[in-house]
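Residues in the sequence shown are numbered consecutively from 456, following this note's numbering.
No lab work stands behind these hints: they were computed from the structure.
Take these hints with a grain of salt, some might be off.
Below are the SDA-like pairs computed for lysine to any residue, each with C-alpha atoms no more than 20 Å apart in a straight line [what the hints assert, rightly or not]:
1) Lys625 / Arg614
2) Lys625 / Ser607
3) Lys625 / Arg591
4) Lys625 / Gly484
5) Lys625 / Thr636
6) Lys625 / His540
7) Lys625 / Val525
8) Lys625 / Pro595
9) Lys625 / Phe635
10) Lys625 / His532
11) Lys625 / Thr464
12) Lys625 / Gln535
13) Lys625 / Thr541
14) Lys625 / Tyr537
15) Lys625 / Leu530
16) Lys625 / Arg609
17) Lys625 / Ala523
18) Lys625 / Ala536
19) Lys625 / Trp538
20) Lys625 / Leu539
21) Lys625 / Trp468
22) Lys625 / Gly467
23) Lys625 / Pro529
24) Lys625 / Ser588
25) Lys625 / Gln610
26) Lys625 / Gly615
27) Lys625 / Gly524
28) Lys625 / Leu533
29) Lys625 / Pro483
30) Lys625 / Ile611
31) Lys625 / Glu612
32) Lys625 / Leu466
Ranges of calculated distance between the beta carbons of each label pair, as one might list FRET restraints [said to hold, decoys possible]:
33) Gly471 / Leu509: 16 to 22 Å
34) Ser570 / Ser607: 17 to 23 Å
35) Arg462 / Gln634: 17 to 23 Å
36) Gly471 / His510: 19 to 25 Å
37) Pro483 / Pro529: 38 to 44 Å
38) Gly484 / Pro529: 42 to 48 Å
Keep in mind it's a predicted model, so treat the numbers as computed, not measured.
We put the beta carbon where it would ideally sit given N, CA and C, even for glycine.
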Amino acid sequence: QSLGLHRPTVLGWGLGGAVAILLAERHPGSIGALVLADAVAGGRRSALPAAAMLHRLGSVWVTPTSLAGVMFSPLHHLEQAYWLHTFAVLPPDPVTHPAIAAEARLVAGLVATRSLVRGLGTISVPVLVVDGSADRIVPPANSASIAAAIPSARQIEYRGADFGAIFEEKASFVTTLEQFTG
456 QSLGLHRPTV LGWGLGGAVA ILLAERHPGS IGALVLADAV AGGRRSALPA AAMLHRLGSV
516 WVTPTSLAGV MFSPLHHLEQ AYWLHTFAVL PPDPVTHPAI AAEARLVAGL VATRSLVRGL
576 GTISVPVLVV DGSADRIVPP ANSASIAAAI PSARQIEYRG ADFGAIFEEK ASFVTTLEQF
636 TG
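Work the whole structure out from these sequences, hints included.
Put into structure tokens, the structure is as follows:
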């Protein structure tokens, strides 16, 4: 409200999806719609990535550049190159690696809890749940369980897209988002 926004559409990608769910559950009157991209809500229906992916996400060598190969499917090399170019202009810093590793631990901890999943049925705003069918970081089963638990949810799965589905299928996603927010 301090920004002058009245019930905005909130988009959360990855761990940001859990933050957006928390916002919708704890402050139901503050948002007008919710878009969850490659999100996890926790609970027994949540799916963790493969063990090798969990290890990679927690590695001391993890960087945005090292993750690019798993965030984007091979079919979307131009989107991957653009994303890499965006990060390539940033100087190395001591924050990025610990932040990525901490995010991986938070998501793993979130899967083990039911704190968010219990309130999904209380979300009454329109919800768009988006994922890529080839997502190796946040398995698509998470989107299906979130969409099934929220009465007002609509799910879109981009075939062949990975964790970067909203970038890989940008034109379609933007059109869908414009239609969704009307």
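Evaluated hints:
1. For the given pair, Lys625 sits about 13 Å from Arg614 by alpha-carbon distance, which is consistent with the 20 Å threshold.
2. Distance restraint check for Lys625 and Ser607: the Cα-Cα separation of roughly 24 Å exceeds the 20 Å cut-off, and the hinted pair is therefore not satisfied.
3. Distance check on the hinted pair: Lys625 and Arg591 sit about 19 Å apart at the alpha-carbon level, within 20 Å; holds.
4. For the hint linking Lys625 to Gly484, the alpha-carbon distance of about 29 Å lies beyond 20 Å, and the restraint is violated.
5. For a cut-off of 20 Å, the pair hint linking Lys625 to Thr636 stands: about 16 Å separates their Cα positions.
6. With a C-alpha separation of about 17 Å, the suggested pairing of Lys625 with His540 holds against the 20 Å cut-off.
7. With a CA separation close to 18 Å, the supplied pair Lys625 and Val525 stays within the 20 Å bound.
8. A threshold of 20 Å between alpha carbons decides the hint, and for Lys625 with Pro595 the separation of about 18 Å falls inside it, so the pair holds.
9. In summary, the hint linking Lys625 to Phe635 is supported, as the alpha carbons are separated by about 15 Å, within the 20 Å threshold.
10. For the hint linking Lys625 to His532, the alpha-carbon distance of about 13 Å falls within 20 Å, and the restraint holds.
11. The straight-line distance between the Cα atoms of Lys625 and Thr464 is roughly 18 Å, inside the 20 Å bound, and the hint therefore holds.
12. Taking the CA atoms of Lys625 and Gln535, the gap is near 12 Å; set against the 20 Å cutoff, the hint holds.
13. Restraint check for Lys625 and Thr541: satisfied, since their Cα atoms lie roughly 16 Å apart, inside the 20 Å limit.
14. Between Lys625 and Tyr537 the CA atoms are separated by roughly 12 Å; this keeps the pair inside 20 Å, and the hint holds.
15. The hinted pair formed by Lys625 and Leu530 meets the criterion: a straight-line CA distance of about 14 Å does not exceed 20 Å.
16. Taken as a hint, the Lys625 and Arg609 pair is honoured in the structure, with Cα atoms around 18 Å apart against an allowance of 20 Å.
17. For a cut-off of 20 Å, the pair hint linking Lys625 to Ala523 stands: about 17 Å separates their Cα positions.
18. Pair hint Lys625 plus Ala536 holds up; C-alpha atoms about 14 Å apart against a cutoff of 20 Å.
19. Straight-line distance between C-alpha atoms of Lys625 and Trp538 comes to about 12 Å, which keeps the hinted pair within the 20 Å bound.
20. For the hint linking Lys625 to Leu539, the alpha-carbon distance of about 16 Å falls within 20 Å, and the restraint holds.
21. The straight-line distance between the Cα atoms of Lys625 and Trp468 is roughly 14 Å, inside the 20 Å bound, and the hint therefore holds.
22. Of the pairs offered as hints, the one joining Lys625 and Gly467 holds, with about 15 Å between alpha carbons and a cut-off of 20 Å not exceeded.
23. At most 20 Å may separate the alpha-carbon atoms for a hinted pair to count; Lys625 and Pro529 meet this at roughly 16 Å.
24. Between the alpha carbons of Lys625 and Ser588 the distance comes to roughly 15 Å, so the proposed pair stays at or under 20 Å and holds.
25. The suggested pairing of Lys625 with Gln610 holds, with an alpha-carbon distance near 16 Å, which does not exceed 20 Å.
26. Taking the CA atoms of Lys625 and Gly615, the gap is near 14 Å; set against the 20 Å cutoff, the hint holds.
27. This hinted pair checks out: Lys625 and Gly524 have alpha carbons roughly 18 Å apart, not beyond 20 Å.
28. About 12 Å separates the Cα atoms of Lys625 and Leu533, which keeps this hinted pair within 20 Å; it holds.
29. Between Lys625 and Pro483, the direct Cα distance comes to roughly 28 Å. Violation of the 20 Å bound is thereby established for this hinted pair.
30. Straight-line distance between C-alpha atoms of Lys625 and Ile611 comes to about 13 Å, which keeps the hinted pair within the 20 Å bound.
31. This hinted pair checks out: Lys625 and Glu612 have alpha carbons roughly 13 Å apart, not beyond 20 Å.
32. Between Lys625 and Leu466 the CA atoms are separated by roughly 14 Å; this keeps the pair inside 20 Å, and the hint holds.
33. For the hinted restraint 16 to 22 Å between Gly471 and Leu509, the CB-CB distance of approximately 19 Å keeps it satisfied.
34. For Ser570 paired with Ser607, a C-beta distance near 21 Å keeps the hint of 17 to 23 Å intact.
35. The beta-carbon spacing between Arg462 and Gln634, approximately 18 Å, falls within the hinted interval of 17 to 23 Å.
36. Distance hint check for Gly471 and His510: the Cβ-Cβ separation is about 23 Å, which falls inside the suggested range of 19 to 25 Å.
37. For Pro483 paired with Pro529, a C-beta distance near 41 Å keeps the hint of 38 to 44 Å intact.
38. For Gly484 paired with Pro529, a C-beta distance near 44 Å keeps the hint of 42 to 48 Å intact.
Hint violations for this structure: numbers 2, 4 and 29, all remaining hints satisfied.
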